[in-house]
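Engineer: Here the protein sequences line up with chains X and V, keeping their order. Last residue of the first sequence: number 240 in the UniProt record's numbering, and the count goes up by one each step with no gaps. Last residue of the second sequence: number 240 in the UniProt record's numbering, and the count goes up by one each step with no gaps.
Hint data in this document are derived by calculation from the structure and do not stem from the laboratory. It is possible that part of the hints are untrue.
Each pair may be met inside one copy or between any two copies, as identical chains are not told apart.
Using 20 Å as the maximum straight-line C-alpha spacing, the simulated PhoX-like pairs for lysine-lysine come out as follows [to be verified]: (1) K46 <-> K102; (2) K29 <-> K97; (3) K97 <-> K61; (4) K142 <-> K14.
Each chain, written out:
There are 2 protein chains.
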Amino acid sequence: MMEHMNPQLAAGTKVLAFDVFGTVVDWYKSVMQELGAMNLDVDRNKFTLAWRAGYMPAIQKVMSGELGWTSIDDLHRMVLDELLETFQVLHLTEAEKRNLNKAWHRLEAWPDAVEGLTRLKSRYTICTMSNGNIGLLANMSKSASLPWDCILSAEVFRKYKPDPATYLGVAQVFDIAPGEVMMVAAHQDDLAHARACGLQTAYIERPLEYGPFQHKDVSPNADNTLHARNLVELAVALGC
Amino acid sequence: MMEHMNPQLAAGTKVLAFDVFGTVVDWYKSVMQELGAMNLDVDRNKFTLAWRAGYMPAIQKVMSGELGWTSIDDLHRMVLDELLETFQVLHLTEAEKRNLNKAWHRLEAWPDAVEGLTRLKSRYTICTMSNGNIGLLANMSKSASLPWDCILSAEVFRKYKPDPATYLGVAQVFDIAPGEVMMVAAHQDDLAHARACGLQTAYIERPLEYGPFQHKDVSPNADNTLHARNLVELAVALGC
């Protein structure tokens, strides 16, 4: 189900830059499992969604300057500490909290991700362009066998997506034009910001990103260069 | 020929951080070949050694503040432009100069490097900690099939080795103690600076780093945690 493919644009692509949370890895299932393994007496679905939802306001505090530069690890921890109070989980040791917070270093890949990335890597440079900190992305990529050519992170540019410095930073790192970079994400807003910087864009459907109880609209947007159900389909569309 | 191994120290190692030029890739042979392919009427041995030798004074200009932050690509180009004048090579087009400067993106790995790194990766996180810019390291690693878990560069920390921010930065990125990082390099001065920051160190002999006409002292220094002839020998010493 390839739609909106523009072979001429895609032909100029040199680097594929991937959003990671939700696009390449299944944070919902992974965090749910970690909470389950700890036997916490909470509504795991609500806890997981709230932890993820707390991430954007936390990022915005950094983007607005209210907070100085703070890594996603530290932002995840701030949100976690609030949630543990809200959900009245008061018995965890510091070591347990630290370990739970590192659940985000252990997210599992979507079933198509390793095959899709491996195929794409044969023809393109593939890198992350995630708000996750470098260590988080490296640990996750190692445990999930994600074969990146390079891990790029907001941490490299000291700006969080959707700051243009992140999208344009990918092009600058590789000394290529913004139009030679294709941003790949399961989120239309991420892609819209990338497009505004002159990048090509590929949308990946991840209808279960927020779990089985929350609907996600995965309908195509004609402004994207490509629309694919998963990363293997993207690889096929890009001739890999 | 393993010397000075300290198994207790090595047991605490989580991340191996590699110097790249000379340690993992053979810049001398690669640059010599690129000059040869261009049929330049110069003493290739002298030109190659002078290009590499020009790198340190250029870095020092950045470290002293005389130059603002400048990538290795741009420093290589500054040195190249001077050398082309010194060697009276005046006929190259801008495109040819740009391409020649990117010779550093195409350096070949030492024959043991891919096997050694692949084995080390099975047990440790392996990353670069090079003064090379991220794009240079990523392009080189892709063309030479170097299987890094993560590419770290002076560019991430906006400080060049031997600034402590680079060595300590590796530990900070991975949220581990400096003593859990082992710096791997073919240069004793690089290792001495890493050691001063609390890192473990492994010296790799590369007697031909400067080509067949220039002697390189590769004798052991007892202050290093490990001393190995090449990266396969390092892998064996580290139980991989």
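Engineer: Each of the hints needs a verdict: does it hold here or not?
Structural biologist: Taking the hints in turn, this is what the structure says about them:
In this homomeric assembly, K46 and K102 come within 20 Å of each other (Cα to Cα) only inside a single copy, at 19 Å, whereas the closest approach across copies is 51 Å. Taking the shortest Cα distances, K29 and K97 sit within 20 Å of each other inside one copy (19 Å), while across copies they are farther apart (51 Å). Taking the closest pair of Cα atoms, K97 and K61 never come within 20 Å of each other, the shortest separation being 23 Å inside a single copy and 45 Å across copies. Proximity of K142 and K14 under a CA criterion of 20 Å is satisfied inter-copy only: 13 Å between copies versus 24 Å inside one chain copy.
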